[in-house]
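> Here is what each chain is made of, one letter per residue.
Number of protein chains: 2
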Amino acid sequence: MEDIILLSHGSGGESTRKLIEEEILKYFRNDILEELLDSAVFNLHGKTAFTTDSFVVSPIFFPGGDIGKLSIYGTVNDLSVMGAKPLYISVGFIIEEGLSFDEFRRILQSMKLASEECGVKIVTGDTKVVEKGKGDKIFINTAGIGIIEEDLDWRGRKIEDGDLVIVNGGIGEHGIALMLERLGVKSGEEVKSDLAPLNSLTIPLLKSSKGVKFMRDPTRGGVAGILNEISQKYHIDIEVYEEEIPIKDWVKSASEILGIDPLYAANEGKVVMIVSKDEKEKVLEFLRVHPLGKDSRVIGEAKKGNGKVYLITKLGTKRILDTLKRDLLPRIC
Amino acid sequence: MEDIILLSHGSGGESTRKLIEEEILKYFRNDILEELLDSAVFNLHGKTAFTTDSFVVSPIFFPGGDIGKLSIYGTVNDLSVMGAKPLYISVGFIIEEGLSFDEFRRILQSMKLASEECGVKIVTGDTKVVEKGKGDKIFINTAGIGIIEEDLDWRGRKIEDGDLVIVNGGIGEHGIALMLERLGVKSGEEVKSDLAPLNSLTIPLLKSSKGVKFMRDPTRGGVAGILNEISQKYHIDIEVYEEEIPIKDWVKSASEILGIDPLYAANEGKVVMIVSKDEKEKVLEFLRVHPLGKDSRVIGEAKKGNGKVYLITKLGTKRILDTLKRDLLPRIC
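The listed protein sequences correspond, in order, to chains A and B.
So that you can map any letter, position 216 of the first sequence is 216 in the working numbering, and since no number is skipped, the others follow by simple counting.
So that you can map any letter, position 24 of the second sequence is 24 in the working numbering, and since no number is skipped, the others follow by simple counting.
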């Protein structure tokens, strides 16, 4: 086979068949996918979660991951924070002519391993190829389906004055690592995306405590973005304690140099939770023994209010923590 | 709001929120989507079909449709040919910076109308923006979920010697109309894509006859491509009668000039069926009173064999009808 992907690989003819059967299926094969019909078919019963994300991250390989792993974990995380057990994934590739088979295979292998790790099956897919200069190496869309056990559905639990904001570790790592990589900065081994699948954390946590009232992964827009969404959606104020926000040293120094506030930088292995005050200890205890939660911290508190987020600074002053107004970090995921 | 889409509309900040709430939600709003959580949540019970397609068609507006309508109908059709009633759709936009809001709104409006027509809800989505020159106006991924009533599942019905190949009307219209449009050929009103949603045809047909053993929409790769897939998958031969293939006059003349065999050109409102001989009359009777089936024809027959498709020409000779070997029609869907 040629060593780069050509337009003909997307034309629906013999090259497309070969690409699918000899490359993609080789990595993703399972009993449902290999039927290769227009839709995958399986049985589902109950409360179903359905999500999608397109991944246009640049560069496609970065410290701590690649676009393939990101596309699986990203969709797994969108299901996981809803309390859904991720089950089935669809994959849509949009490839720019000229992508090397070597790179494509590394991405396929990475997706294969990521899906096995998360216990999800890639069951249906689609591959398109566009002309050179009409894409950027590869874009990947994934959609995912999961099932929510009835008592793990946190929607409808009322957020109240005094509820706590918890995050499971250092923030801003994905966004800042990507920016450093783009700038060609040589960095130490500790500099990498926090990319990780959250299903092994969120589902057991929701089982262990009914005090979790909201969960969301702070990707684009960062923690500040998510907190603003929560406060506006549930008509509460949120106070964030600057001093309590976990930020790794390399993120701190790099974000100072880059002039990027880590509160606005993307995360790919973090979850922001609203937890009732009574359950604080139980939740923190659970989180801190989990590999993805050992740096968990209470970073703020919900207050009666009208949809504003405030940062209580290290100096004790209080200022509005708004959403991102300018174009900070394009193509971070 | 600005009159073109900018990178900042994809950054996850205030512009992204505005784009989603003031533009996209305005068109797509429904009870599930407007929760705007990381996943849509709904109840599902039974045999579920799940499919995805990315649409990279160029140009994005073409005679008979546009990329928005195509993205809804395309996924509806992938579900419909499996016998699934389409229910829920996810939408992922990848927009090239500089797309005008005017064009984007026309696409949104078109998707809104198409989803209403098909009775599906757009329940979850994602929007990314890439730099100018790293995309091509807009790519759309849709994934879809449908439910299959147990006795409408044709998988497992055995294709036998003597079964008939039926198509619901003129072939090649989408592909040829697109090619003419790209070449800037001024054409009459009859020249347009056959783009149409098949759910109103396939589901009632499967209810009315248990003789349907296979269904697939012949998009990329055309009717010849699908017939080769069927013959290889089920280890049968298929004989196609050239004389019986419905082809509109404008497709015939245009494809002669373009040097494209309509058997390889894409369709977006057609379904190729394998039907047991006994049910031929019942199926044709049903199809011919349906708006999308009035030109339905038996175009071939399944034969014991080993996976080859033969064309019986108008002159009575027999030749292999292979899959597409060369790059014929890039970015047709």
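Each hint should be verified, as a subset may be incorrect.
Note that the list lumps identical chains together, so a pair holds whenever it fits in one copy or between two copies.
In silico lysine-lysine, DSBU-like type, Cα no more than 30 Å apart, as pairs [stated by the list, open to error]:
{"no.": "1", "residue 1": "Lys318", "residue 2": "Lys26"}
{"no.": "2", "residue 1": "Lys318", "residue 2": "Lys121"}
{"no.": "3", "residue 1": "Lys121", "residue 2": "Lys47"}
{"no.": "4", "residue 1": "Lys18", "residue 2": "Lys325"}
Don't read these hints as lab results, they were simulated from the structure.
Being a predicted model, the structure only gives us computed values, none of them experimental.
> I want to check one pair: Lys318 and Lys26. Are their C-alpha atoms no more than 30 Å apart within a copy, between two copies, both, or neither?
Classified as neither: same-chain Cα gap 56 Å, cross-chain 35 Å, threshold 30 Å.
> Is it within, between, both or neither when you check Lys121 against Lys47 at 30 Å Cα-Cα?
Classified as both; 19 Å inside a copy, 17 Å across copies.
> If the cut is 30 Å between Cα atoms, do Lys318 and Lys121 qualify within a copy, between copies, both or neither?
neither (47 Å within a copy, 43 Å between copies)
> Go through the copies and call it for Lys18 and Lys325: within, between, both or neither, with a Cα cutoff of 30 Å.
This pair counts as between: shortest inter-copy Cα distance 11 Å, intra-copy 46 Å.
Checked against the numbered hints given earlier, the structure breaks hints 1 and 2 and satisfies all the rest.
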